[in-house]
Structure formats: structure tokens, C-alpha cells
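Number of protein chains: 2
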Amino acid sequence: MEITTEKPYVIGLDMGGTNSIFGIVDQRGTIKAQTAIKTAAYPRIEDYVKAAAEALQPALDVVGGIENIRGMGIGAPNANYYTGNIEDAANLVWKGIVPVAALFEEALGIPVRVTNDANAAAMGEMTYGVARGMKNFIMITLGTGVGSGIVVDGKVVYGSDGFAGELGHVIVDHSPEARSCGCGRCGCLETYCSATGVARTAREFLSRSAEPSKLRELNPDDITSFDVYQAAEAGDDMAVRIFDYTGRILGAACADFAAFSSPEAFVFFGGLTKAGEYLMAPLRRAYEENILFVYRGKAKLLVSSLNGSEAAVLGASALGWE
Amino acid sequence: MEITTEKPYVIGLDMGGTNSIFGIVDQRGTIKAQTAIKTAAYPRIEDYVKAAAEALQPALDVVGGIENIRGMGIGAPNANYYTGNIEDAANLVWKGIVPVAALFEEALGIPVRVTNDANAAAMGEMTYGVARGMKNFIMITLGTGVGSGIVVDGKVVYGSDGFAGELGHVIVDHSPEARSCGCGRCGCLETYCSATGVARTAREFLSRSAEPSKLRELNPDDITSFDVYQAAEAGDDMAVRIFDYTGRILGAACADFAAFSSPEAFVFFGGLTKAGEYLMAPLRRAYEENILFVYRGKAKLLVSSLNGSEAAVLGASALGWE
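As you go down the protein sequences, you meet chains A and B in turn. Note that the first sequence covers residues 0 to 321 in numbering that gives the first Met the number 0. Note that the second sequence covers residues 0 to 321 in numbering that gives the first Met the number 0.
Bear in mind the hints are in silico, worked out from the structure with no lab data behind them. There may be inaccurate statements among the hints.
Since the list gives no way to pick one copy over another, a pair counts as held whenever it fits inside one copy or between any two copies.
Unchecked claim - Restricting the straight-line Cα-Cα distance to at most 30 Å, the calculated cross-link-like pairs of lysine-lysine (DSS-like) are:
{"id": "1", "residue 1": "K49", "residue 2": "K6"}
{"id": "2", "residue 1": "K94", "residue 2": "K37"}
{"id": "3", "residue 1": "K299", "residue 2": "K49"}
{"id": "4", "residue 1": "K273", "residue 2": "K49"}
{"id": "5", "residue 1": "K37", "residue 2": "K299"}
{"id": "6", "residue 1": "K299", "residue 2": "K94"}
{"id": "7", "residue 1": "K37", "residue 2": "K297"}
{"id": "8", "residue 1": "K134", "residue 2": "K37"}
{"id": "9", "residue 1": "K299", "residue 2": "K154"}
{"id": "10", "residue 1": "K134", "residue 2": "K297"}
{"id": "11", "residue 1": "K6", "residue 2": "K213"}
{"id": "12", "residue 1": "K134", "residue 2": "K154"}
{"id": "13", "residue 1": "K49", "residue 2": "K213"}
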């Protein structure tokens, strides 16, 4: 994405169910000033926007005021790029259709774009991260769930309704043993390859055998993907195999995704990527084993270079340059 | 796609391994004149292009000459939209990289675009067919193999290398019993949902039980999808279940594809669509059963409206308007 503007900054808003974090960002992806408010403290969206505008003022002063801001981008759950609305977000206090872009445009007098977290992450990678200069790549976010942002020809794919790119809900297991998913169906990629999916795999592996493992010292219901990572680091065989299982499913799924858009790269982001080669080595192997010959050796499998705590704000801010 | 031009016609070339069919097409998708040459009769591509230009002359005279032609589109195996080349096509006499667009541009003095058959079919539907006016849809061609052309934001997705959109090679069965595919892997969609896939299913169903079926009157190795269709029409239970099995796999796969680009429609084209509701009813049912809630009830599942024998030429010609 080429950036040409007289106004040197954008605002990024990472809107979560609990906190809303605002950053003022320059063209290199440096956050020049930051502020935050509690999302859930404002039952009326109008009050939230007012509080946000007030909280932003000192941050705006740092960069010379709103006249130096080109635009604002918001990453929020169920945010629809086409309409500028948040639509029926389960994790937010505001119900139904919330015209968040229009309200911020009115309050701040600058263009505002919204999208969901994974699409914002893709924008962030394309603007400031490892996907800079790429026109075709697929962002995969590995957190509590699995999200995705698909970039084709330099633009995020929004599809007919603004909700394209839900690769976490591609079904990778059609068997009767497939895991049930929060979406109401079974066998979705995210039931295996999210942080919670890794914990489920750990519980399954523990219950299926009596093999010794450090993970047995924990209450099975409390096991997290980080516990599995620590066990792997301590040389625990089962923990290593849990990531192997996870990486192989994800790698095979990505090989299928390549048949869709033949990307230059897959970019992985989120807590699970901290597992490093425990996850990435089997992922790469499964990708190469499953990829169609015409795509073989083409796509890079990359881990995001953005600072985890800043990435969401940076990703949202990237929309502000559009 | 909006068509605004002083020049009212385009040339479409449907290049197959045996025959090359040329059509001169107007903006409504009417073929005004047609001609053909034998593809395999010209071991040198230069001679092929020369013969094509000569064969085209009488057809061009019908529409007032080359000055009334806006451009030419070629649908050919392994044709790369980005480069204008045919690359290592197994079914053509010319080996390696063949600069077919450049050669035709030189011979005819008009812009020439190339793409593969399934992408050409998508262009044809968008320009003259059931996808007219749509900006997001997925074309699925059900012939000897399964091909696809994916349209996002009004443009065919070509990806990083020109070869995006090979949904026939998405793996729908990862089990050890998955069918082997011509691509060297196992479990590809096209091993189940192509015309040859239907014939394989018939042989499997016949060998697995002793259930009576009209299909037993045929040599198993000679069974075609058309035989299965005729048996279904004659009330044969097994034949109906063969299409049911095929449609269910295809419907579930399309539900996954929706998670990628959230299309307005899927458009099915090719010999297998002649099976009509035997295929489409289970396809629709499986799609609805497998679709993620956010996409539910959104995409239409349509059968191409283009005349089968003209569709390939029309699809190719659609590229000529670009």
C-alpha cells in the first residue's frame, strides 16, 4: 500500500469487550501517543464516543491536533467494513446495529473505517509488518479462536456481505468424532488450532493413554496452551506431540487455502505463535506434504513481526490510511 | 462489468488439445461468426497463430473487419493471465512457455488476454450469464475434473502467480480411504464430484453391495456419469444415491468455500449439471446443513444459463472486453 498524505498520522482503535485502546500512529508504524477507556462503562454508544473523543484530546495534542490526522481505523468484533456498523456483537454492551464509524466521523471530523480484528491484523501486516509490499497473502490469527484476513490484489477480501474470511470455521474433520465448535457445528479448524484447541488436544492425549507427562501435574480443565509450551520446553514428549498434531492440521488446512488465492505468504499471529518451532516445524512439513504441485515452494509461512501488545492498535490504524 | 466501447465485438478462442474454436461475439453474448482449426496440427506455435489469423478472416469480414474488434480473449489449459503465456500444458503440443497472447497481439493488432477454462467460464457468467451484475461469486465447473473461477470485487482472483482458484484440488477426505487424484495426492474434491468421480462412486457402490441396479448391466469400467443419470431417470435407487453422495460432498465443500469469500452465488457449469435436481437437491441441503450461521441463506446456488457448446467461446471472449 502506497501512503501519500500531507497529514502524517492516523488513529487506531482496538475495541475489545472490556478495554478500548487508542493509538496515534505514524507512517512507519510507531505509536506516538496512546490512551484507553473502558468499553463496557458506557451502555450508550453515544456516551462511549464522547468519552473516547475526550480521552483522545491529550494524545492528539502530542501530534499537533486533529488537523494532523488523516483518518481513523477501528478493529472491533463483528464490525462490517461496508456499512461502518458493528452488527450483533456478542461481546459488546451495545446490542443490534451500532453505527460506530458514522458516530466517530461526526465526533472527530475525519474519515473512519471499521473491520474485524483479523482483517485489521492483515492490514497491519501489509502496512507496517512482514507483509509490506505483498499483494496476496493470508493472515491467520491464533488466539482463543482462529481468525483470518485474506488479502487479494492488495485489498482485504470482504465478500458480498462484509463478513468474508472466516477460515477458522472451515471444517477440517467431517467424522463423527469431530470436535464441537462454539458456532454450533463440528470439526471447525479453530476447535483444533486455537489456544483452546491446543488445551483440548492436551486433555484428549492425557485421557487416551497413561503415558507420563508433566501435564499430568495440572488439573486437566485448567491446562492452557502456555502450559503445553512450557512442558515442551522442559522436554515433555507428549507436549511436543500436541503441537505437532496442531501444526499438522493447520498446515494441511493452509495447503487447501492456497488453492483459493495462491498467496505469496501466510502470516501467523497470536498467542500460539509463541510456541515457535514446536508449532511451525510440523506446520511447514504438513503444508509441503499437502500442497498442490502448482503452488509447491511458492508461499512463505511467516510469523508476524508486530509487537503483540501493539499489533491490534497498529492493525486498526492501518485502515486510517485508506 | 460495464461495457463501454466504440468497437462492438470481441474474439473468443476456446483452445483445447484437439480443436481451437473461435467466435466473434457482441456485447449481449451472441456469437455472430465462428470458425475452427485443429490445435494439434501445428507443431510450431507461430504456424498455429498464422493459421488462426487466416481462418478468422472470413469471420471478421462478417462483422466489418478487425477494426470493429475491441480485443481477444483466450481460454486455454495452464494459461497465465499475468504473463499472457501458456505454461507447461500437458494437453497441448507446444512444450514449455508459450507466449500466446503476445503472438496473437502481433498477428491481429488488438489486445489479447488469456486465462484458463474455469476462469474464462466465470468471466462468461459475469459478462453474459447468470452472474451478470454480481461482484462476488464462485464458478464451479463439473466436467472430467472440477475447476473453479473465483470472482472477488468484480475481478477474477489470480493470486500471486496467476494460478489461484484450484478448488477441485481442495482435499475433502483426509482418511486413509481417500481416493487417489491425478495430481498425485489423495482426497481431492474432483475425485468425488467430477464426471469421472461419479463413475468411480458408481463402481464403489456396485462392488460394496449386491443391491440390484440397472448399472449392473454395464461393464463397470465403462460406466459414465451419463449412464448414472439415465439410471436415475429410470427410477434406479442406487443411481439416485450416487448423485446424493456427490451432491452432499460438493455442498459441504462449497460451505467451506463460502468462509473464504462470502459469495453472492455459486454458479455450477458442465456436464454433471445435466443431472439437475438429482445433484442440486442434495447439494443445496448439504450446503445449508454445513454453512456457518453468518452466511446462512445468503448465497444462491445456481446452474449456468449459458449454452454448453457456446459457453467456452463466450467465456474466453469475455476477457476481450477488459
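Under a CA distance limit of 30 Å, which applies to K273 and K49: within one copy, between copies, both, or neither?
neither (37 Å within a copy, 60 Å between copies)
Should K49 paired with K213 be assigned to within, between, both, or neither, using CA atoms and 30 Å as the limit?
For K49 and K213, neither the intra-copy (51 Å) nor the inter-copy (74 Å) Cα distance is at most 30 Å.
Identical-chain pair category, K49 with K6, by Cα at 30 Å:
within (24 Å within a copy, 56 Å between copies)
Indicate which option fits the pair K37, K299 if close means a Cα-Cα distance not exceeding 30 Å: within, between, both or neither.
neither (38 Å within a copy, 41 Å between copies)
Copy assignment of K6 with K213, given that the CA separation must stay at most 30 Å:
Neither: 55 Å inside a chain and 74 Å across chains, both beyond 30 Å.
Should K94 paired with K37 be assigned to within, between, both, or neither, using CA atoms and 30 Å as the limit?
within (17 Å within a copy, 64 Å between copies)
I want to check one pair: K134 and K37. Are their C-alpha atoms no more than 30 Å apart within a copy, between two copies, both, or neither?
Cα proximity of K134 and K37: none, with 36 Å in one copy and 39 Å across.
Checking K299 and K154: alpha-carbon separation at most 30 Å within a copy, between copies, both or neither?
both (19 Å within a copy, 25 Å between copies)
With identical chains treated as interchangeable, where does the CA-CA distance between K134 and K154 reach 30 Å or less: within a copy, between copies, both, or neither?
For K134 and K154, both the intra-copy (7 Å) and inter-copy (14 Å) Cα distances are at most 30 Å.
Under a CA distance limit of 30 Å, which applies to K299 and K94: within one copy, between copies, both, or neither?
between (40 Å within a copy, 29 Å between copies)
Within, between, both or neither: how does the pair K37, K297 come out at a Cα-Cα threshold of 30 Å?
neither (44 Å within a copy, 35 Å between copies)
How would you label the pair K299, K49 (within, between, both, or neither) given a Cα cut-off of 30 Å?
neither (44 Å within a copy, 42 Å between copies)
Going down the numbered hints, you'll see the structure goes against 3, 4, 5, 7, 8, 11, 13, while the others check out.
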